[in-house]
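Student: Read off the chains here:
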Amino acid sequence: MTLSHKQGDPLKPARIVVLGAGGFLGRRLLAACAASGVEAEGLGSRDLDLTDASAGAQLAQLLRPRDVLVFLAALTPDKGRDSSTLMRNLAMGRAVCEATRSVELAHLVYASSDAVYSFATTLICEETPAIPTDLYGAMHRTRELMLAAEAKVPLAILRLTAIYGADDTHNSYGPNRFARQAHKDGRIALFGNGEEMRDHLYVDDAIDLMLQAAMRGSTGLLNLATGKSESFRAVADLVAAQAGRHVEIVPSARQNPATHRHFDVTNLMRAFPGTRFKPLADGLVATVGAIRG
Amino acid sequence: MKPTVGFAGMTHLGLVSAAAVAGRGFKVVCFDSDQALVDRLTRRQWPVLEPGLDELIRSNGARQHFTAAPSDLAACDVIYVAPDVPTDDQGRSDVSGLTALVRGTAAVMDPGAVMVVLSQVPPGYTRTLGVLSPERLYYQVETLVFGQAVERAMKPERTIVGCADPARPLDARLRAVLDGFGCPILPMRYESAELAKISINCCLVASIVVANTLAELCEQIGADWSEIAPALKLDRRIGPHAYLAPGLGIAGGNLERDLATVQRLAEIQGTEAGVVAAWLRNSRYRRYWPLRQLQERVRAVDPVIGILGVTYKENTHSIKNSPAVALIKALTGCRLAAFDPVVRASAEWHPRLTVADNPLAACDGADAVAIMTPWPLFRTLGPADLAQRMHGRVVIDPFAMLDRAAAAAAGLEHVVLGAPLPGDQQ
Numbered sequence: 000m001t002l003s004h005k006q007g008d009p010l011k012p013a014r015i016v017v018l019g020a021g022g023f024l025g026r027r028l029l030a031a032c033a034a035s036g037v038e039a040e041g042l043g044s045r046d047l048d049l050t051d052a053s054a055g056a057q058l059a060q061l062l063r064p065r066d067v068l069v070f071l072a073a074l075t076p077d078k079g080r081d082s083s084t085l086m087r088n089l090a091m092g093r094a095v096c097e098a099t100r101s102v103e104l105a106h107l108v109y110a111s112s113d114a115v116y117s118f119a120t121t122l123i124c125e126e127t128p129a130i131p132t133d134l135y136g137a138m139h140r141t142r143e144l145m146l147a148a149e150a151k152v153p154l155a156i157l158r159l160t161a162i163y164g165a166d167d168t169h170n171s172y173g174p175n176r177f178a179r180q181a182h183k184d185g186r187i188a189l190f191g192n193g194e195e196m197r198d199h200l201y202v203d204d205a206i207d208l209m210l211q212a213a214m215r216g217s218t219g220l221l222n223l224a225t226g227k228s229e230s231f232r233a234v235a236d237l238v239a240a241q242a243g244r245h246v247e248i249v250p251s252a253r254q255n256p257a258t259h260r261h262f263d264v265t266n267l268m269r270a271f272p273g274t275r276f277k278p279l280a281d282g283l284v285a286t287v288g289a290i291r292g
Numbered sequence: 000m001k002p003t004v005g006f007a008g009m010t011h012l013g014l015v016s017a018a019a020v021a022g023r024g025f026k027v028v029c030f031d032s033d034q035a036l037v038d039r040l041t042r043r044q045w046p047v048l049e050p051g052l053d054e055l056i057r058s059n060g061a062r063q064h065f066t067a068a069p070s071d072l073a074a075c076d077v078i079y080v081a082p083d084v085p086t087d088d089q090g091r092s093d094v095s096g097l098t099a100l101v102r103g104t105a106a107v108m109d110p111g112a113v114m115v116v117l118s119q120v121p122p123g124y125t126r127t128l129g130v131l132s133p134e135r136l137y138y139q140v141e142t143l144v145f146g147q148a149v150e151r152a153m154k155p156e157r158t159i160v161g162c163a164d165p166a167r168p169l170d171a172r173l174r175a176v177l178d179g180f181g182c183p184i185l186p187m188r189y190e191s192a193e194l195a196k197i198s199i200n201c202c203l204v205a206s207i208v209v210a211n212t213l214a215e216l217c218e219q220i221g222a223d224w225s226e227i228a229p230a231l232k233l234d235r236r237i238g239p240h241a242y243l244a245p246g247l248g249i250a251g252g253n254l255e256r257d258l259a260t261v262q263r264l265a266e267i268q269g270t271e272a273g274v275v276a277a278w279l280r281n282s283r284y285r286r287y288w289p290l291r292q293l294q295e296r297v298r299a300v301d302p303v304i305g306i307l308g309v310t311y312k313e314n315t316h317s318i319k320n321s322p323a324v325a326l327i328k329a330l331t332g333c334r335l336a337a338f339d340p341v342v343r344a345s346a347e348w349h350p351r352l353t354v355a356d357n358p359l360a361a362c363d364g365a366d367a368v369a370i371m372t373p374w375p376l377f378r379t380l381g382p383a384d385l386a387q388r389m390h391g392r393v394v395i396d397p398f399a400m401l402d403r404a405a406a407a408a409a410g411l412e413h414v415v416l417g418a419p420l421p422g423d424q425q
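Chains D and U are the protein sequences, given in the same order. Straight run, no breaks: the first sequence in numbering that gives the first Met the number 0 ends on number 292. Straight run, no breaks: the second sequence in numbering that gives the first Met the number 0 ends on number 425.
With the rest of the complex left out, here is chain U:
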C-alpha cells in the first residue's frame, strides 16, 4: 500500500512539491494553519504563478487535499515540512517560522511517521532540531526554480536526502515516495545535504558570473557571447545545460541567501571565501547595466522611458531584487511607462510612473524602451511596430527578445547583453 504523504506549509515550495508527489500517485494532505489561504487553495486560487501548476493539481483530483486542521497530518506516514523561508535584504534566512512549524507538526504526527524538512536551511540546522529521534528525521534538498518549479518537481535530476546516519537504510515509506520519481537517490549526512544545495547554487552563480564577465568584454571588443556560449556547451567539462546566459545580476532571493550563508560560515570557520564577495560585486554591477546604457544613449531632456517587465524573471510574480524595479527607482530624472503581464508596477517606486495596459502602449512616445524581463510575450513584439510607436530609437534589450536583424532593419539602436554595442548615439 502506498504511503500517505503530508505537507506542512502551503506557500510556493510546499504547494508545488505536494502537487508533484500527488502527481506521482500518492495521497497527499496539504496543511497550512492559515485558514484563509486554505480556502483560496480549495477554490483553486493559487498564490504563485507557475506554468502547469493548475493543470497538475486539477489532474490530482481527490488525491490532493487542503486542510487547516493540523490533526489531519496524523494520518500521514511521511510528512514534509516545507514553508518558504523568508530572507532579509542581506540574504539572511529567518528560520523561526520553519522551526515553529516543525515543532507543531512533530506534536501531531503519528509516532511511527517520519518527517522530512524540505525548506532550505543553513548547514547544521537539521541535526540540532532535536524534535524527533534521528531515524525519523530527514532533510531533503529542494530544487525549486521560479517559473520552472512544476517541471523540476515532477522530473528531478536526482534526490538528495540528508540523514542522521547515511549508512542506515532510508525509511521504507520515504523510499517508496522517492522511488515514485524514478531518479537517482543520494543519501548523505544532514550537513552534506544542507551544503549540497548551497553548493549547487554556488556553481550556478559562478557560471553566471563567468558569462557576465565575458559578455561585458564582448560588448567592448566586438565579440558576441551568443556565438561563444554554444561552443562552451559542447565542451564535456562544461556541458549543454550550463548556465551561460548573461544576465542582470542574481535576483529572486535564493541565490543571494546561499551566498550570504557561505560568507557567514566562512567568517566563522576562518575559511577563504573571497570569491563570493567578487560574485556579489559582479551581480551588483550588472544590475545597473541598463541604467548605464540608457545614460550613455538617451540625450533627450526629461526623457520618456518604456519599461517592459518588472518581475525578476519570466513566469513568476516575484520582484525580489528585480533589476527592473532597481532601474525604475534609479530613473528619477525620467518619465516612465511600465508594463508587466502579471505584476502591476507600483507608483511607490517612481513618482512619474504610469502603468500601461499592453507592451506597445508602454512604448508610445518613448525616447527609449528597456525590455527588462524575458517574458515570452515580448518575443512576439515586432521591432517595426516598436519603432513606429516610439519617439526615440534606443531599445535596451538585455536578453535579445527582439530579433536582432529585424531591430536593425527597423532602425532601432538595439542594445543586447554580450553583443557588440551599437556606436551611434541618439
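This is chain D alone, in the form it adopts within the complex:
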C-alpha cells in the first residue's frame, strides 16, 4: 500500500482546516498555507476540546462541505504515556470520525507516527507490519484503523518519523533536546554513546509533503522520512559544533540494547518525485540558531 494522488498537480482546496493548530506542526502548516495562498483555518485545543463527548458535533458545526481536514491533534508522550492519555487521544479520533459523517469533506489527512512500528524491523517501509510496542504507537494505529473504518472521506495516512526544527515544544530525546541542553547547560547527555540510528525529518520538509498531500487529494499510506539515518551521537556532534560555546557530550551507561531505525523511502520518491530533504547538518544549523536566538 502506498499513496496515490487524485490530482497530478497540486490544486488549492476550498479550505484547509487544521486540527492541532496550536502545536509545533500546526503552526508551521498554517504558515505554509498562508505562504501558498491557501485559505486555512486552525483549530487548537482552546478553540475546541476534541476529547469532549460532544466534540464531534461541535467540529461538524465548524466544518464546511469540501473542506480538507488535516488531523494533527494529539497528546504526545511528553503529556502522558498512560492509558488515560491513550483514551483521550482515541476520543479525539472518535470526534473526527463523527464529524466526517455529518459534513461531506473533500479529504482527510491524518498525521500518524512511526511509533506504530516495532524495533524488530530496522528497515521500515509501508509494508512493514504496524506492531506498536507502547500506548502512543497503539493510539496512532488505533486512530488509523478508526479513520479508515469510520471516516466517510478519502483518507491519507502519513506516518511521520522524528520531526525536529525550531519552535518544537516537545522535549523528546534528539535534536531539539540536544540543542536546548547545549544552549542552557553546555552539555548533551546521551543514552550510552548515542549509537542508535534514527531518521530525523526537518519540520519544513514534513509540512511541505503534508501540504502536497492535502493539495493533491492523496489517499493511502506513506511514511514521511528522509531515508538517511544518523546516530544520536552524530546529531549531538553536529549540535555541539553549532552551539557557539564549548559543549561537553556526556555518554552514560547503557540500560537497554541500542535499537536502530532506517526507512526505505522508495514509495515517497514515487509519490513525490524530486523531493529534496534539508540535510541534517543544515537543519540543525537552523534549529540551533533559533534556540540561540
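Note that these hints are calculated values from the structure, not bench results.
The calculated DSBU-like cross-link candidates involving lysine-lysine, where the alpha carbons are at most 35 Å apart (straight line), are: (1) D:LYS227 / D:LYS11; (2) U:LYS319 / D:LYS227; (3) U:LYS232 / U:LYS154; (4) D:LYS151 / D:LYS5; (5) D:LYS227 / D:LYS78; (6) D:LYS277 / D:LYS11; (7) U:LYS319 / U:LYS232; (8) D:LYS151 / U:LYS328; (9) U:LYS319 / D:LYS5; (10) D:LYS11 / U:LYS328; (11) U:LYS26 / U:LYS1; (12) U:LYS328 / D:LYS5; (13) U:LYS328 / D:LYS277; (14) U:LYS232 / D:LYS227; (15) D:LYS5 / D:LYS277; (16) U:LYS154 / U:LYS1; (17) U:LYS328 / D:LYS227.
Given chain D, put chain U in place with the hints provided.
Tutor: Here is chain U on its own, set in the frame of chain D:
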C-alpha cells in the same frame, strides 16, 4: 525405429523444446490450434527471441513440421503438451488453457501413445487430470531459461520425469527420446517432480537474495561483491555455477509463480514458509535500487534520464516485471529517452518518454543514464563516448556493463551493484 514425437502448444516452451527434440534426430510434429501462428512459424517468423533458435530449426529441416490440424498428432508415439501457462500479477497460474489442451490432445492421440505434460503445473495437478490411464501419462520438468532456452534444451543437466508409479519402468518410447539427450534421467512420483521444479527455483531465488543482501552491504561498507563472489564459487558447498550475481529483484514471471505456489501450499498445509515472504520483500526492494540511486545523485531540475534496455533481462523480448519498466514508470518528474535492441519502449509507460534509435542517442544531453538490461551490446559502449554525449556524469550501471576503470577515467559517477558507492554528488 525412432519414435515420432508430438508437441501441442507452440509458444515459447513448446517451440524451443520441440526444436531440441528434433535437433536430437527425432521426427517432430508441432501442433498449435492457432492457424495464424502456425503460418508464421512455417514462414520462420518466431514469436520469441532465443539465441540459436532459428539456426536449430533450420538445421532440423523436414524433421520438424508445423501444423494446425490436431489429427496430425495421431501419428505420434509420444506427445508433449507444452503451452506456456500464464500468470497474473500475484504469480498465480491459470492452467485452464493447459487443461483444455491436454483433454483435446487426449481425444485425438493414438490409444497406445503416451502423453507428457511439460508445462509448469502446481503440485498435484498431473495425478488429478484423469484423462489417460496412469501408465500413459507423465510429467516432465521444463528448465526453460529465457535467453538461454535453446542451449539448455539441447544440453539439459538432467531430466526429471514424474510418473504415476516410479517403480515401474518408463515407457520405452519416452525413454528412447530422453536417452537422445545423454543426461541422467530421474523418474519420481508426479508430486515430487512437480515440486522439484519449484525447489530448483527456490534455491536460485535464495542464492540471488543472498547476493543482493550482501551486495547492498558491500555498497555501504566499501567492500566489493565482485571480489567476494569468486571466492564463494570455489567453495564446493556452493559451486562454480551458483547464482551469485546481484540483481534488481526477480522478474520474468516464472520465479514469482513458483514462490506464490509455495506460499499458497504452505498456507493450506500449515507449514512454515516465512522466508518466501522475505525473498519477495527483498525482490521488491531491489527493484527500485536504480530509482534510489538516481534520487540520491541527480540534482538537476526536470532532469533528462537515458534508459538503456527495457526487457527484464538480455536476449529476451519479455518485459514481465521488468525493473526497467518499473523505473520508467516511477520517474514521473523526469524526461526520458529509452533504447532497447528488441523492445520499443511504450509511451503508455511515461508521458515524456522518447524512443532512441541507438544507445548513444538515448544518452544525448542526459543528466544521468541507467543501463537497466545487460544486453551484450551495451558492453561495447565507451565510457568516454557516453561522457561526451551526456550533460551530467551519473551512470547507474547495476550490472557493470561499462569498464569500471574506464568509466572513472572518463569522469563518470559510475554506480554498480555490490561495489562501493561513489561519494560525490552531482
